[in-house]
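Asker: One letter stands for each residue in the lines below.
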Amino acid sequence: MRHRDAVDPLVARLRPQVSASEELDPARPAARELRAAITEKNEEPAVAPKRTVRRLLIAVPVAAVLAAGGVAATALMPASAPGPVAPQEAAALEIDVADGVVVAEVKDPTADPQRYAEEFAEHGLKVDLSLVPASPSMVGKLVYLDSDMKSQNRDDRDVEVIESPEQCTPDGGCPVGVRIPEGYRNHVQLVFGRAPGDGEKYEATGAEDTKGQDLVGMTVAEAELVLRNRGLAVAEYRVEKPAPAGGAPAPSPSAAGASDGPPPQQPEDAGQQSVVEKAQEVPDDYVVRDVQPWGPGEVLLFTGESGD
Amino acid sequence: MPYDGPDGPSETPAGAEARFESLYTECYADVLGYLLRRVDDPESAADLVAEVFVTVWNRLDAVPARGGARPWIFGVARKVVGNHRRGERRRSALADRLRSELSRVQVIRPEAADPGLGEVGAVFRSLSEADREILSLSGWEGLDPGEIAIALGCTRGTARVRLHRARGRFARALRNAGVDVAGAVPDRSRPLGSSVTEGAKP
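So the sequences go chain by chain: B and D. Heads up: the first sequence at position 28 corresponds to 28 in my numbering, and the numbers run straight through without jumps. Heads up: the second sequence at position 74 corresponds to 1074 in my numbering, and the numbers run straight through without jumps.
The set of hints was computed from the structure by calculation and includes no laboratory data. Hints are not guaranteed to be accurate.
Chain D is faced by these chain B residues, among others (derived, beta-carbon under 8 Å) [as the list claims (entries may be wrong)]: (1) 20; (2) 138; (3) 141; (4) 204; (5) 213.
Keeping only pairs whose Cα atoms sit at most 25 Å apart, straight-line, the calculated DSS-like set for lysine-lysine is [as the list claims (entries may be wrong)]: (6) 201/B x 278/B; (7) 241/B x 278/B; (8) 1079/D x 201/B; (9) 126/B x 1079/D.
Here the structure is a predicted model, which means the values were calculated and not measured. We treat Cβ as the ideally placed atom computed from N, Cα and C, and that holds for glycine.
Hey, can you work out the whole structure from these sequences and the hints?
Answerer: The structure is reproduced here in C-alpha cells:
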C-alpha cells in the first residue's frame, strides 16, 4: 500500500474541529472591525512598504554564535549585566572564525540594528538582528524568525531553529538560535529577547513567567492581595463587557476606527458578544479572568463582572 | 512608456483597499481555522489572525495573484504560529474585541472523542514540526502540492518530495509504534478512486 493511501486518511481524521463555526465568518462585526482597523491604522502605502529602522536601546551585551557548514546565530547574554557603551567607532559585532565555527559577538549593544546588518553583510549574509524586552525566561531566546521565503529568487533552503533542552515557551521547547545555510541568499530577520530597561514592557514572554493562572476566578480584591504578596503590581486592567446588542449584523459601530471610547452597554445581550476595554481601576468585586505578564513586577489583569 | 519601478505596476490606495478586502473576505475563515487548530487557546488566535492580515496589508504587493494568494497567506500564518510557539507574545489592540469573541470557541481534538485514534495522534505529534506541518497543510487545510510549495516558499518539486517523505516517516513511525495502519483506516474514509494499491512488499 502506498504511504499516501495509508496515511492521508489518518491525518485527515486527526484534524481538530472548530465548534461554533459561525465565529469564523468574516462578516461578523468583530471581524469587520479588525479589517477596517488594519487598513486605517497601518497607513503606509502597501505598494511600497517602507523599511522602518528600529532603534532599540539594548541594555545587555549579546553574543551571536555562527556555526560551521552554515551559520548559527545564538544570543548569549547575561541577564543582569549592565550595558557598556562602546565608542561609536568600534565594531558593532566582533566576528571571528575558529575551528570552523563563526562566532559573532555584539560588542556595542547600543548600536543601531543597521550596524549589525552591515557587519553581517560583510560576511555575505543579510541578517537583521534586533532585541526586544522580554520576561526573564525569554532573555537570550529567539522570539522571532523570518527568513523571507516569499522573495523572488529566494533560497529554498531552511533556516533551522536551534533548541535548548529547557522548556521556556508556552508550548514547550526553547529556541536559542538559528543555523543559516552557508551563502544563504534570503533576508533573515532575527529578534532575541533581552532584559527590559526602565519602564519597558515585555514584548516576549515565556511559559515560566506566565504565572498567576491560580488567580483566575478570584475577585480583584483577593487577587491583588495575592499579587502584592508575590511582589507584583497590576499595571492595567481589561474589562470584558457584553457588547451592545445589534440584532442582525449591523454596520460595525466602530468600523470607522476613529473612536477608542467605550460603546454603549446593553447587558441583556451577555453571552452573545462582548467587548474588552482598558481600565486603570476596576471594582473590587470584579472577577479575574486571565493574568498576563506585563513588565518587570507587573501584570495585566483581565476582569469582568461576576455572575456569569 | 511609464516606468513603474522595480515592483511593477503600483495600485491606487483605493485599489489596494479593495484587493485587501477581497483577500480578507476570501481567506479569513480558513486562516482563522488554521490558527485555531494550531494554538492552545482560541483567544491567542485573535492576535495571530490580526498579525497575519496586518502582514498581508503591509505586503500587499507581494501577494501572488489569483489562486496563489490563499496558500501565500497560509505561509504567513505558518510563520506567525512559529513565532507564537517560540514565545513571542503580541497583544494586538486591534484584536481586543475579537479575542473576547473567540474565547467562546472550542476546538475539539478528535483523539479525545475517538479512543482508537489516541495512539495515532501520539505518533503524529512525535513527528518533526516540519513533517506535521506539511502533512496537515495537505490533510487539514486541503492544499495541493503546488499550493503547499507557495505556503512553504519552496518549489513544487521540493514540496512533493517533502510531502512524500513526511508520509513515509509517519507510516514508519506508526509501524514502529505497532499501530495497524490499514486497520486504523475505515474503508469509508478512503477517497474514491484510490483503491489501487501496490500490494504488500516485504
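Asker: Hint compliance check: list the failing hint numbers for this structure, sorted ascending.
Answerer: 5
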